[in-house]
Amino acid sequence: MELEEMKTIWGEMSAEIEKQKKLTDSLIIKMTQVNYRSKISKIIVPETIGSLGCMATALFIFINFQQLGNWYLQVCGGASAVVSLLLAVLSLRAVNKLSSINISNNNFKQSLSDYSKGKIQFVFVQKLSFYLGAVLMLTILPVMCKLIDGVDLFKITRLWMGYAVAFPFFYWFTTWVFKRYKKIIQGAENILKELAEA
Amino acid sequence: MNSKEEFIKVIKENAGLIYKVTKVYTNSREDAQDLYQEIVYQLWKSFGSFRSESKISTWMYRIALNTAIVHLNKEKKKGSHLPIDEWLMNKPDLNDTLKEEQVEILYSQIKKLDTIEKGIILLYLDGKSYDEIAGITGFSNTNIGTRLGRIKQKLITQID
Numbered sequence: 001m002e003l004e005e006m007k008t009i010w011g012e013m014s015a016e017i018e019k020q021k022k023l024t025d026s027l028i029i030k031m032t033q034v035n036y037r038s039k040i041s042k043i044i045v046p047e048t049i050g051s052l053g054c055m056a057t058a059l060f061i062f063i064n065f066q067q068l069g070n071w072y073l074q075v076c077g078g079a080s081a082v083v084s085l086l087l088a089v090l091s092l093r094a095v096n097k098l099s100s101i102n103i104s105n106n107n108f109k110q111s112l113s114d115y116s117k118g119k120i121q122f123v124f125v126q127k128l129s130f131y132l133g134a135v136l137m138l139t140i141l142p143v144m145c146k147l148i149d150g151v152d153l154f155k156i157t158r159l160w161m162g163y164a165v166a167f168p169f170f171y172w173f174t175t176w177v178f179k180r181y182k183k184i185i186q187g188a189e190n191i192l193k194e195l196a197e198a
Numbered sequence: 001m002n003s004k005e006e007f008i009k010v011i012k013e014n015a016g017l018i019y020k021v022t023k024v025y026t027n028s029r030e031d032a033q034d035l036y037q038e039i040v041y042q043l044w045k046s047f048g049s050f051r052s053e054s055k056i057s058t059w060m061y062r063i064a065l066n067t068a069i070v071h072l073n074k075e076k077k078k079g080s081h082l083p084i085d086e087w088l089m090n091k092p093d094l095n096d097t098l099k100e101e102q103v104e105i106l107y108s109q110i111k112k113l114d115t116i117e118k119g120i121i122l123l124y125l126d127g128k129s130y131d132e133i134a135g136i137t138g139f140s141n142t143n144i145g146t147r148l149g150r151i152k153q154k155l156i157t158q159i160d
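Going line by line, the protein sequences match chains E and C. The working numbering puts the first residue of the first sequence at 1, with every later residue one more than the last. The working numbering puts the first residue of the second sequence at 1, with every later residue one more than the last.
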């Protein structure tokens, strides 16, 4: 099939499509309503809630920092607060970058470039968040036990043993998740390479 | 005529354009419905800023293609969507099995192209000039010519 032949078939199909006119006014109005546009909010809402949770955690630790008492709990508390804040900021920035593509003014090339760059940054932040989350998991447990129950976990349990058991699982899980990310990044990088040719 | 009525008129007159972009950039009915709504929503959001210096179809193509890009790779983030029947989305009644088959083959081969190529061939097949394609995509006329040559080769190899 030659390109001109394809164009003819396409033209005939387009002419038939134009005759259909089956969209109703009410359906078009419904489609313009924001509550049906849930795809973007499906990403933004959980990320925002997560970020607010992280900020609240950091604030809680900051307010109660003196109650942590000894140096190692204070180190854990400081690390937890910093990691929580970092997670919140990184996540919000990445989502903002992805959702701020100017659909009405960009041309196709700009949108593709912005989207691919945003995607690479988003995946980078997700990877970073994964590591930061692991650090948070280690540090926040003794801090929260101290602040909520007044218990120093380092004194009553062999906490390090729990960490040693959790590490191989975390390593396996990270490898599995990052394999998926690699594919996404490769796809975005290929598009950027294609665009660079133009 | 108020802006909502005007918008409805524009959408009705160009519904085929949205249908074609949707069809080329999605692989399932559910995704197609979702993208279709998203495109209409984005068009409505930008409708106030549309200047009649450019053709309405050029403006619509620009937004529809940009929306399709952002929609890419989000298939797993399913959301609620209106139950728009595919017929309502202007699926052509060709009344000719052979033609219908040819159209389906054409769509399936276009779907195999990459994101950039899909956009360019869609505009080309819809009769847009090189200048118009350049305006919508941001690629130079020469680059579009080169890419179309490559797409042609790919399609011919795929179909044969």
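Just so you know, these hints were derived from the structure itself, not from any lab. Among the hints, erroneous ones may be present.
Stated by the list, open to error - Derived pair list, reagent style DSSO-like, types lysine-lysine, alpha-carbon separation capped at 30 angstroms: (1) E:Lys-19 <-> E:Lys-30; (2) E:Lys-127 <-> E:Lys-7; (3) C:Lys-4 <-> E:Lys-7; (4) C:Lys-9 <-> E:Lys-117; (5) C:Lys-9 <-> E:Lys-19; (6) C:Lys-9 <-> E:Lys-183; (7) E:Lys-97 <-> E:Lys-30.
Claimed, not checked - Derived list of chain E stretches under chain C, where covered just means 3 residues or more per stretch with a C-beta under 8 angstroms from a C-beta of chain C: (8) 105-112; (9) 143-152.
Since we're looking at a predicted model, the values are computed, not measured. Glycine is no exception: its CB is placed at the ideal position from the N, C-alpha and C atoms.
Hints, one by one, checked against the model:
About 23 angstroms separates the Cα atoms of Lys-19 of chain E and Lys-30 of chain E, which keeps this hinted pair within 30 angstroms; it holds. Distance check on the hinted pair: Lys-127 of chain E and Lys-7 of chain E sit about 45 angstroms apart at the alpha-carbon level, beyond 30 angstroms; violated. Annotation: proposed proximity of Lys-4 of chain C to Lys-7 of chain E is violated, straight-line Cα distance about 34 angstroms (limit 30 angstroms). Note on Lys-9 of chain C and Lys-117 of chain E: the hinted pairing is violated, with a Cα-Cα distance of about 36 angstroms set against a maximum of 30 angstroms.
For the hint linking Lys-9 of chain C to Lys-19 of chain E, the alpha-carbon distance of about 15 angstroms falls within 30 angstroms, and the restraint holds. Taking the CA atoms of Lys-9 of chain C and Lys-183 of chain E, the gap is near 42 angstroms; set against the 30 angstroms cutoff, the hint is violated. Of the pairs offered as hints, the one joining Lys-97 of chain E and Lys-30 of chain E holds, with about 28 angstroms between alpha carbons and a cut-off of 30 angstroms not exceeded. Residues of the segment 105-112 of chain E with a Cβ under 8 angstroms from some Cβ of chain C number 7, which satisfies the need for three, so the listed coverage holds.
Only residues whose C-beta sits within less than 8 angstroms of a C-beta in chain C count toward coverage, and the segment 143-152 of chain E has 0 of them, not enough to reach three; the restraint is violated.
The structure does not agree with the numbered hints 2, 3, 4, 6 and 9 stated previously, though it agrees with the rest.
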